[in-house]
Amino acid sequence: MDKKLAVYICTGCGIGDALDIDQLSGVATDDFKVPICKTHENLCSKEGAELIKGDIANEGANGIVIAACSPRVMYDVFSFDNVLMERVNLREQVVWVQPAGEEDTQMMAEDYMRMGLTKMKAMAPSVPFQPEQEMSRDILVVGGGVTGLTASLEAAKAGYNVVLVEKQDQLGGFQKNVAMRVSYPYKDLQKNDLDQLIEAVRKEEKIKVYTGAKVESLEGGPCVFKATIKENGSSADHNIGAVVQAAGWQPYDPGKLDPKLGYGASPNVVTNVQFEEIAKSGKITKPSDGGFVKSVAFLQCAGQRDRKHLPYCSSVCCFTALKQAIEVKRQDPKANAYVVYKEMRTPGQGEDFYRKAQEAGVIFIRSQDPEVALRGEELTVQAYDELLGDTVVLGSLDMVVLATGMVPTTALGEDLKAKLEQEQKKEGEPEVELLRPDYMYASDVLNLKYRQGPELPALTYGFPDSHFICFPYESRRTGIYPAGPVRRPMGVASSSEDAAGAVMKAIQCIELTSKGQAVHPRVGDETYPEFFMQRCTQCKRCTEECPFGAINEDEKGNPLPQTTRCRRCGVCMGACPERIISFKNYSVGMVGDMIKSINVPDEYDEKPRILLLACENDAYPALDMIGLRRMNYNAWVRVLSVRCLGSLNLIWIADTLSKGIDGVMLLGCKHGDNYQCHFIKGSELADIRLSKVKETLDRLVLESDRVRFDTVSITDYDKLPALLDAFAARLEEVGPNPYKGF
Amino acid sequence: MSNRVDPNLVSDLEAFGLKDAHKCYNCGNCTAICPLATPENPFPRKMVRYIQLGQKEKILRSPEPWLCYYCGDCSTHCPRGADPGETMMVTRRYLTSLYDWTGFSRKFYTSERFEIMAISVVALLVGMALLIFNTGNPNWEEAAINSLWPAEKIEIADLVMASVLSFLLLSNVFRCFRFIMGDLSFKIPLRLYASEFKELILHTITQKRFSKCSDGMQWFVHLMIMTGYASIFLLVVVFIRWFQRDLPEYPLSHPIRLLGYYATFAIMYGTTYAIIGRIKKKKPVYKNSHSTDWMFLILLQLTTLTGIFIHFARLLNWPATTYFLYVVHLMIAVPMLVLEVPFAKWAHLAYRPVVIYLLRVREKFEQEKPPPAVDTAGVEREGTSQGST
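Residue numbers (the numbering used here), protein chains in the order written: chain A, 1 to 742; chain B, 1001 to 1389.
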């Protein structure tokens, strides 16, 4: 494609007052020989957009550079078909953060113009990815409990075919053992209406149900998944668009509990799950002699919120205990039901259910550390009641019910990570630098044919979510969306909601992928990484580091990118030592050229330069925020937006320093336990790569202080100016870059 | 295992009027809002918790119920509608029944039928006694009560009744003293009991703790009823010879007559206010009325009303009416005194000041005690002196 560039400079929002627009136009027309360069006082107006459209139609302009506001705003106005687009952020990151009319402000604007034009010159039009196979739009739902059933039904209602795979012989999951349940509006116990749900699923023609079956293997990626499902010895293949993983949970093994909770000491000490089975028969009776219960104590958080067992809250046990206590009271109003709790957790409308139990006469005891004791024949619980400030004894108990928690299915099975480490140790491979550990267990749910392992990688406590708060339903495997208790502990009410949410994500994934576009977080991106395989050295770094396991490997170690799984973060591009991975509008060379296009005054001008590589997800918006708040920051800074700090290729540091730029700052998202990186471990990878570059710099007698790494969240914008000033001050101490002028 | 949770306590207390305590989730707003609760003697939350956990022993040893005057602030501010004020009232009823060794109080509180029967029986006995024991020679010319039931004779009956009442009440007060003071009962030197005695008198007369409650009206009404009742009690028991007098009436400025008028006005004012309040149920303190609450007010007001009628009948010099009303008056007043004072709501007139007094004594004793260890002692002392005022 012949590129005809056109630059449009907006002079509104104070840009025209702060800058010498003629001089700025000169950068485009003289230095870059851009044939069309126009200014407009209000480019985002209808007339402004018409001006650009006119040039596209009449002049054949197809490389549009808009020097105006941040690319994060007005993207709907500056949206033109079949042209390349680049935005130069003159407003938020130049005139709103720098004094008007100053030489430094002008230099900054001109640098950004150069960088934008350099990028535009290097860009190529992208062609949406289309796989060779036919793309499927069917949804695979793994798990036939409440979540899986609801998900299947929701997907079918939205017009998608569903393949539902249930491990057990019957649909229903855990709930089929439950007679009464607690759900909205939490006023009373409800009859379990699971049968209706199963019936609805059975009747739905769009849903193909497999029971007593499992997913034997799942390969490919969104829209090109191939699922092999094994049922009763025979197996069937399905082409699948996206997957909802609703494999549910298992109760925590009560045998592992602290002996003082009494499990095993008496047959009358049972778990909440066992109580449910007793209650299902319609009569609540003592396991030891089958007599009706007169007095039952429910001990909450048994092996939960406890570092030695499950460190988390399973969120349903409080409701379950209230329900079971009310059932005891219903069977015999004279019976005693005690709930011994750490904290009662019945949020929202659930409070009404707690009241219900209070009204029924359930006795609540707040205790962190109750103890079950057999005094001869008598079953008792001794508990220090914090509200009383004294120890109380619950005597003559017929039954003690322990609230054991939920373990996600993904946390069951062999610990594959430990196994891998063991093998590496045996082979004498050098220990890999520890990232935030990914856990993976051979839980036999998805059996992915992925280079990075067969199941969803688990995060905290073995739950396979991506980022719990920011990206619900996302996992680290594109097109596979966990829902229900496997994602986080939840009850039926939340599970139904969760199912709908996950199906929505699956549908989005199918729709976007079938158009060759990326899914969250770069929704709609049509570029994708392309590998120049002739130069590949089979180092496997891309296949190992891809946060989404999007790259498979052949037996020789060649990467086999599965593009529909790709999220377009560019971590592979940053990882590749041979720099063979690039996007049409984002590549190692392109960014390098942009860096080199920055005008670096020589050291006698006393105008140092700082390159700020800012992650587009949090750091870049934070920098925009500084502008929106009309705060000021250091005028030596030049911001370059990157897809993710994980796409940082170390050559850029070399490019920067050899250009004579005095320092490089990398601004990424927070990593660690409460990570905010949209690509999970991008900023962490950048940090690790950087620690290596620092050693090299020190060896080359180039001060390692010239490179600095920081993490910010978007709300940290107010701290950034001071951070940049401090870095500039440090660079001044270090002195000018000796490579200036070379 | 004294700390066994007794799940039946709650249902037991329901007979004493417990209604909403189960709604409590122990947030402590009630204790925070209460102007009388102190860090040493916090209430009402603590009592509610005792009840929820069936801690009968602990309730028995708690002075807190008597420190509460039921202003109703806690119930107004309770986020759960658990009515902690009423729960405190219930514990007072419960404690009254526990202090009472005869077991009569418990029956009185837990059975309306028993309550009405008991009062009716005593009333009938009094009526019969008055009909049987009299001079048999009434003055039909002039309204002269002394002609039928001479004051000296009534005085003897008064004294007999007073000693029976005192015996019952004081024996119950002694039990209360033992429960509250526990092991300390006889360890505290007598001089402390003596030196703090003025507190007992002061509190009895002024109810000054009550005035700290935010609703001043309740304190005033309570003070009116209490002083009116005390005055008339003095007049009919101690000064009966001067009080039960035939015509000619004292001049208006005579102290006995003035005191009688004051008492009449004070009681009528107080009881009318309370009765209207209990009917309207606007104030939290009047929202819940146990049968004994009604009985208390009705008997007191009827006694006063019949007293007023006697007064006018005498002044109008209607002998027959006067004598008839006198019998009715005593048929109401005597059951009220005999039954309510040692066994029911009236008993609080003894328990409350006594408990406040005992706490003062205990506090003084603990202040004088040599501190057990250096640094904890300072804290303790500070803590106790805070609660003393």
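What the hints contain is simulated information worked out from the structure, not anything from laboratory work.
Among these hints, one or two may not hold up.
Derived, one-sided and incomplete: chain A residues facing chain B with beta-carbon distance under 10 angstroms [claimed, not checked]:
hint : residue
1    : E132
2    : T211
3    : Y338
4    : G376
5    : E377
6    : G395
Calculated pairs, PhoX-like style, for lysine-lysine (alpha carbon to alpha carbon, straight line, at most 20 angstroms) [claimed, not checked]:
hint : chain 1 : residue 1 : chain 2 : residue 2
7    : B       : K1058     : A       : K342
8    : B       : K1364     : B       : K1198
9    : A       : K256      : A       : K308
10   : A       : K356      : B       : K1281
11   : B       : K1019     : A       : K334
12   : B       : K1023     : A       : K334
13   : A       : K356      : A       : K329
14   : B       : K1198     : B       : K1019
15   : B       : K1023     : A       : K356
16   : B       : K1023     : A       : K187
17   : A       : K329      : B       : K1023
18   : A       : K556      : A       : K540
Beta carbons: idealized from backbone N, C-alpha and C, even for Gly.
Against the structure, the hints:
no.: 1; hint: E132; in the structure: violated (63 angstroms)
no.: 2; hint: T211; in the structure: violated (45 angstroms)
no.: 3; hint: Y338; in the structure: holds (7 angstroms)
no.: 4; hint: G376; in the structure: violated (13 angstroms)
no.: 5; hint: E377; in the structure: violated (15 angstroms)
no.: 6; hint: G395; in the structure: holds (5 angstroms)
no.: 7; hint: B:K1058 <-> A:K342; in the structure: violated (24 angstroms)
no.: 8; hint: B:K1364 <-> B:K1198; in the structure: holds (14 angstroms)
no.: 9; hint: A:K256 <-> A:K308; in the structure: holds (10 angstroms)
no.: 10; hint: A:K356 <-> B:K1281; in the structure: violated (26 angstroms)
no.: 11; hint: B:K1019 <-> A:K334; in the structure: holds (17 angstroms)
no.: 12; hint: B:K1023 <-> A:K334; in the structure: holds (19 angstroms)
no.: 13; hint: A:K356 <-> A:K329; in the structure: holds (11 angstroms)
no.: 14; hint: B:K1198 <-> B:K1019; in the structure: violated (38 angstroms)
no.: 15; hint: B:K1023 <-> A:K356; in the structure: holds (9 angstroms)
no.: 16; hint: B:K1023 <-> A:K187; in the structure: holds (15 angstroms)
no.: 17; hint: A:K329 <-> B:K1023; in the structure: holds (17 angstroms)
no.: 18; hint: A:K556 <-> A:K540; in the structure: holds (10 angstroms)
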